[in-house]
Every structure is written in C-alpha cells, then in structure tokens.
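Turn these sequences into a full structure, and let the hints guide you.
Using the numbering used here, read the sequence shown as starting at 89 and increasing by one per residue.
Just so you know, the hints here were simulated from the structure itself, not pulled from any lab data.
All values reported here derive from a predicted model rather than from experimental measurement.
Estimated spans, in silico, between C-beta atoms of each pair:
hint, residue 1, residue 2, range
1, Arg-96, Gly-222, 49 to 57 Å
2, Thr-242, Arg-108, 25 to 33 Å
3, Cys-150, Asp-187, 18 to 26 Å
Backbone N, C-alpha and C define an ideal beta-carbon position, used for all residues, glycine too.
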Amino acid sequence: MDGSVVRRDELATEEPMEIRVSAGARSRAVAVTMRTPGADFELVAGFLHSEGVAGVRRISYCVDSSSSGGAGDDSDDADDRVTRQRFNVVTAWLDELPDLAPLERYGYTSSACGVCGKASLDALRARGLRSMAGDRARIPVETLLSLPDRLRQTQGVFGRTGGLHAAAVFDPAGELLCVREDVGRHNAVDKVVGWAALAGRLPLSGHLLLVSGRTSYEILQKAVAAQIPIVCAISAPSSLAVSMAEEFGVTLVGFLRDGRCNVYAGADRITPQTS
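And the structure:
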C-alpha cells in the first residue's frame with residue numbers, strides 16, 4: 089500500500105446567476121455572474137448599488153408558469169398551470185430603468201473577476217462619488233490586528249472547503265456587523281454592501297471593510313460607492329487600488345496577518361497602540 093486514502097470531500101458551490109432589472113413592462117438582463125448560492129438578493133442589491141443603479145423597490149427570483157398538461161395542451165385554466173421558481177435568475181424591480189450602458193461590460197462575470205479592467209477611474213469620477221478624506225474614522229492598531237482572527241472564526245464554509253473568499257463589515261468600535269462568503273471576492277463584497285443597502289444602513293461612513301484575499305480595483309470601487317473609509321485585506325493591493333484609495337480618501341491596508349500589516353494610503357486613521 090502507498091498510504092493513499094479515498095474519501096469524500098466537501099466542495100464550495102459555484103453556479104451561474106442572471107441579474108435582471110425591470111420597471112413596468114420593461115425588463116432587461118444586465119449581468120450573469122458565477123457565485124456561491126445564498127444571500128442572492130444581497131448580491132444583487134450590492135452589485136446594483138456599486139454600479140450606481142438606484143430606486144430598487146424589491147428583489148425577487150424569477151417565476152415561470154407553464155402548462156401541466158401534455159404536448160398540445162392549450163388550457164388557460166390556472167389550475168392546469170405549474171409555477172416554478174428559477175433560483176438562478178434574480179430580478180430587481182425599479183421605479184424606472186436607468187441608462188444601462190455602463191453595465192454593458194458585464195456580459196458574463198466569472199467568480200475570479202469583476203469588471204476585469206474594462207472600467208477605469210474616469211468612470212467613478214463621472215459618477216461624482218465623494219472623497220472620504222474628511223471621514224473621521226479611526227481604529228487603534230491593536231484592534232486592527234485582531235480582525236483577521238475574528239473573521240476566520242466566522243468562515244464556516246471556508247473551514248469545511250477551503251474554497252471561499254470572505255468579506256466583512258466592522259463598525260467604528262471594531263464590532264463585526266456582517267460577514268459573507270462566496271467563490272468570488274467581488275461577490276462577497278457585493279453581498280455585504282447589499283446587506284447594508286437592504287437594511288437601510290448606507291452609507292457606511294466610519295466603517296471598515298475586511299476582505300480575505302487581495303484588494304483589486306473593483307473591491308475599492310465597491311467600497312467607495314458604499315462610502316467605506318477603511319479597506320483592509322489579508323493579501324496585497326493592486327497598483328490601481330492604491331491610486332484609487334489615494335484619490336478617494338480611503339485608508340488602504342494590506343497583508344493584515346500574523347500580527348502585522350502594511351498601510352498603503354490614509355495611515356492617519358490608524359491610531360497607535362494604547363499602553
């Protein structure tokens with residue numbers, strides 16, 4: 089025997105989900121994303137908020153109605169029809185359809201990539217997003233260094249599969265408010281932003297976002313849209329993420345692990361350790 093063992097393993101789930109927007113009789117698909125099922129409505133709310141789509145009245149799964157009879161059955165009787173939920177299609181109902189041209193870059197979104205470099209800082213400037221340089225958020229360094237362990241303790245599915253990213257929102261006192269997991273790091277952020285949107289807690293001024301992987305442009309875009317002044321990551325930021333943090337007044341922390349971190353922008357929000 090070579091010592092090998094055959095056993096069952098638990099894997100992270102990845103499935104496609106189509107995001108649609110509707111207003112009155114008009115409906116349009118705006119994106120298909122690969123995601124981990126769960127908190128789908130939060131994902132949609134966060135995605136749309138990050139893209140500047142406002143006026144969401146409600147979010148629902150798509151419902152199909154089809155005849156329960158055989159081929160050629162043209163009965164209009166409601167009792168002869170079967171209603172099926174389609175949990176891979178989610179519709180956001182809006183007061184009116186906005187200009188959806190900015191969303192055309194999202195034909196298909198993989199779990200590894202959000203805007204895939206097709207957006208730029210110019211797009212954010214055009215939306216008039218406000219700099220957070222004046223946000224008076226502060227966090228003691230000892231509190232900051234404790235956050236990764238607190239996040240890890242909440243990552244139940246990651247603990248079983250090792251295959252999910254996580255995003256978490258902490259309040260100004262360092263209390264964990266919301267954590268979500270997903271195969272896509274940008275999806276995890278959309279879910280926590282969507283949680284805040286659906287709970288009426290936006291903007292998240294004074295709060296902190298922690299992500300389990302690296303910090304890329306799309307993560308900063310979502311944080312700026314939610315007005316989160318402190319963004320931290322277990323791994324490294326990209327050069328564009330640093331540029332964006334500097335321009336929009338975001339404190340950007342990377343390599344937050346093993347009792348240390350690097351601060352790439354906005355170091356004044358991190359206060360010295362208390363004695």
